[in-house]
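**Q** Please build the complex by placing chain Y on the supplied structure of chain A, with the hints as guidance.
Chains as they are written, first to last, in this note's numbering: chain A, 2 to 562; chain Y, 2 to 294.
In case anyone wonders, no lab produced these hints; they're calculated from the structure.
Since the model is a prediction, treat every value here as computed from it, not as a measurement.
Worth double-checking, as some hints may not be accurate.
To be verified - Just a few of them, taken from the derived set where beta-carbon distance is under 8 Å, the chain A residues facing chain Y:
id : residue
1  : D80
2  : P85
3  : K117
4  : S124
5  : E126
As the list claims (entries may be wrong) - Restricting the straight-line Cα-Cα distance to at most 20 Å, the calculated cross-link-like pairs of lysine to aspartate or glutamate (EDC-like) are:
id : chain 1 : residue 1 : chain 2 : residue 2
6  : Y       : K261      : A       : E311
7  : Y       : K64       : A       : E440
8  : Y       : K261      : A       : D310
9  : Y       : K261      : A       : D447
10 : A       : K423      : A       : E440
11 : Y       : K68       : A       : E440
12 : A       : K543      : A       : D284
13 : Y       : K77       : A       : E88
14 : A       : K465      : A       : D371
15 : Y       : K64       : A       : D448
16 : A       : K183      : A       : D559
17 : A       : K294      : A       : D234
18 : Y       : K44       : A       : E309
19 : A       : K229      : A       : D216
20 : Y       : K68       : A       : D89
21 : A       : K98       : A       : E400
22 : A       : K465      : A       : E163
23 : Y       : K44       : A       : D234
Don't be surprised by glycine CBs; every beta carbon is placed ideally from N, CA and C.
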Amino acid sequence: MKKRTLLFVSCVLMISLLGVVITGCGGTKTTGESVVNGDENDTNEKPDTTPSNNEADLAEDDSVFPPAEPVTFTMLYRDHPGYPYNEDWIVWEEIEKRANVTLDVIVVPMSDYGEKRNLLISSGEAPEIIPSTYPGEESAYIPAGAVIPVSDYVDLMPNFLEKVEAWDIEENLRNIRQKDGKYYVLPGLREIVVGEYSLAIRTDIFEEHNVSIPDSYDDLYDALKQLKEIDPDGYPFSDRWEGNSLLSQAATNFDVQAGWGAGNGMRYNEENDEFCFYPIVDDYKDFLAYFNKLIKEGLMDPESFTQEDETAVNQKFAMGKGYVISTNTQEVISMRNKMNETLGEGNFQVDIIPPLAGPKGRIASSNKLDNGIIISSNALNNPNFEVLMKFVDWLWYSEEGQILTKWGVEGVTYTKEGDEYKVLPGLKFTSLGINAEDEEAKDLRDDFGMNNGVFVFSMYNGHKELMYSYMTEEARNLTQAVNELSTFRNPDPPVLMDEAQREEHTMISQALMDYVNQMTLQFIVGEADLETDWDGFVNECKTKGADTLIQMTNDIYDETK
Amino acid sequence: MKSRLQNKISVFNIINTLIMIFVVIITLYPFLYLTSISMSSEKFVYSGDVTFYPRGFTLRTYKVLLKDTSFWISYKNTIMYTVLGTIISLTLTVLLAYPLSKRDLKGRGVFLGIILFTMFFSGGLIPTYLLVTRMLRMRNTIWAVVIPGALSTFNVLITRTFFEGLPDELEEAAAIDGMNTYGILLKIVLPLSKPILATMGLFYAVGMWNNWFGPFIYLDTKSLFPVSLYLRNIIAGAQSTREVTGGDVEGFGDIEATIKSASMIVSALPIIMVYPFIQKYFVKGVMIGSLKG
Chain A
2 MKKRTLLFVS CVLMISLLGV VITGCGGTKT TGESVVNGDE NDTNEKPDTT PSNNEADLAE
62 DDSVFPPAEP VTFTMLYRDH PGYPYNEDWI VWEEIEKRAN VTLDVIVVPM SDYGEKRNLL
122 ISSGEAPEII PSTYPGEESA YIPAGAVIPV SDYVDLMPNF LEKVEAWDIE ENLRNIRQKD
182 GKYYVLPGLR EIVVGEYSLA IRTDIFEEHN VSIPDSYDDL YDALKQLKEI DPDGYPFSDR
242 WEGNSLLSQA ATNFDVQAGW GAGNGMRYNE ENDEFCFYPI VDDYKDFLAY FNKLIKEGLM
302 DPESFTQEDE TAVNQKFAMG KGYVISTNTQ EVISMRNKMN ETLGEGNFQV DIIPPLAGPK
362 GRIASSNKLD NGIIISSNAL NNPNFEVLMK FVDWLWYSEE GQILTKWGVE GVTYTKEGDE
422 YKVLPGLKFT SLGINAEDEE AKDLRDDFGM NNGVFVFSMY NGHKELMYSY MTEEARNLTQ
482 AVNELSTFRN PDPPVLMDEA QREEHTMISQ ALMDYVNQMT LQFIVGEADL ETDWDGFVNE
542 CKTKGADTLI QMTNDIYDET K
Chain Y
2 MKSRLQNKIS VFNIINTLIM IFVVIITLYP FLYLTSISMS SEKFVYSGDV TFYPRGFTLR
62 TYKVLLKDTS FWISYKNTIM YTVLGTIISL TLTVLLAYPL SKRDLKGRGV FLGIILFTMF
122 FSGGLIPTYL LVTRMLRMRN TIWAVVIPGA LSTFNVLITR TFFEGLPDEL EEAAAIDGMN
182 TYGILLKIVL PLSKPILATM GLFYAVGMWN NWFGPFIYLD TKSLFPVSLY LRNIIAGAQS
242 TREVTGGDVE GFGDIEATIK SASMIVSALP IIMVYPFIQK YFVKGVMIGS LKG
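Just chain A, with the same shape it has in the complex (with noise of 0.2 Å):
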């Protein structure tokens, strides 16, 4: 009796395993249709479809746009909890009326967007327009024809072509493409480079103790030298971010990278058009030497490297210990608030300085490019296909579109005074920092939807006076310096992996900058030594790889350049 329920048991167990498997292939074959049509529409080779050759004959019919039918785009829509979704906001409704198309989106709360993308996209269920998603995210995708190559496409985007051109952007835009030389993401664009990021320094100290401000990181040791002077216990440098953003922003001024910017370990070298592995050449022993300088002399505070952003900022620089930090354009504004709080306000003064000049001069990457748009394969099976790139076209790269999602609509949430767009009255723009003391004022994004990182990408881009007009003084001051004063360095050529390739790569990359990110330190912060132990971390970085690193990258970038 118990004999027979357990073969009953164990045949049941198999027939049930048995479905799992058959379900399972059900599930891949839909997935699997999904990648031949994807293929298909590839091999088919689109340019067929494409509007370049017969775009005189469609001109009248059906890919006008505006479109003479109202027609419906499915979006996905990343939920912002600072400004949560709202289907009153005039936005949506200025879209129907301007361009007649509906957007059905499909709310994903920010905190697992790119959950829910990978999901949406993998069960072939994905939306048509898919924005918010920054280039290198679109290449799991790829592989299963999930996504199209908008390259094929930017026919059919007038204004996106006028800007790439006009902007000089193609040089960046080829860091974007694939291994098949196409671009699968369609990143926002500017027109001139954003400074951010650089170092704020509690002026009214340096004034008080005539330190010059500083122009470049020798004049930055200088400053520092005589700050200690005033607290000799103390550091007149205690940095947050884990020092990222400083190592990030100074290593460029040594010629190589590191911090936020350390990469996989590979630097493009323009003069023997070659790939090196920067974290052993000198001009890297020169830069640790400069942080280790600044630490051993108790310049800089050693927990810059370790400690909590809000140990750095509320108990050491927001309480007046320290004179220098790192910073952004948007968290100066909150540390003057806390200092407000409680240094109180008038006994401090914190300034953004341009950024510093290294050994090899002022240098910061040309990037243009931000986050962007990807668009499902769904959108093929769309009729209405070209009148949604002309679409996406309108709404993110116009004019029109851009200064409706970044300003709304002339005499209801704006006006024009020459240049200079200003919020009508009784409204506020808090995000701006424009009227937002005003507690009964209606916000321009939280009620009316604009400056919304669906549509704006992370806020600056456009045109130069769009940028600008989203800038608060300050930023527009450190953007100009860095046009001004900064040479810019051309991003790094793409090396083109496939996917085998990648894997390898990135095997060995990881561990060996794990080793390269965590010796980093040790060198600045004095527990290895730069002189004694320099040697054994070149060689210890040859055994984990960094020689095999740099034949495979210039293997494959000479293989496909």
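**A** This is chain Y only, laid out in the frame that chain A set:
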């Protein structure tokens, strides 16, 4: 017996009490901390001065929260999902567990096997998603929240074990008096099973109240979101973008620590308040020896 226990102050009692007080303190502290933050002014919150009691007392945060319609819509949804979901889950659990508790049920082992199987294997995320959206067409409806996962295998097994413990003679007597199976279940078994119903109800209700993943993947319209989505977004939303962009680009100062705490308090309170009312059933210890099946 009772008085002897009360009068006796043994070393065990003292240590036990001390340990329990300690446990109570560490359990309550987070709530206390959140409450004081939600009632303090930001100045003290930023400087980290708030600990046991509010500093710079203000109710401004709660006023702001009261005005936030999307919070209250989510709140309403959560209550709806919890009530409906608990009813569905309880009904299904009882209807499945009761027949399984009958030893003379034909193919009982098979059914148990199938049920146990789901405890260890699942179809995976994407097949499940496709099942719910394409075949059941439940995407973006309340049913997608309350139906998939309505039945918890674990809870079914506990309930079944409880039913097995009821004396067969009672049911036989009812049957002899002419009651049918449903009558027996409704009029005899269920009234005797209040402890297990209360416990399972609580398990399901808490699970449904906190349910985040189901609503997250199946719901596309903001007006259907439960409060768990709202909360996670304001707490984790800011951090996740910060990692990507490496800093503060879009003004995360928008949501203050005080608002976060206030919404956490307001949304946790109701489900906490359910406990005292069904606590008496827990004393009976449903879980003891329940998992021998």
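**Q** Hint by hint, which ones does the structure fall short of?
**A** Violated hint (a single one): 23; every other hint is consistent with the structure.
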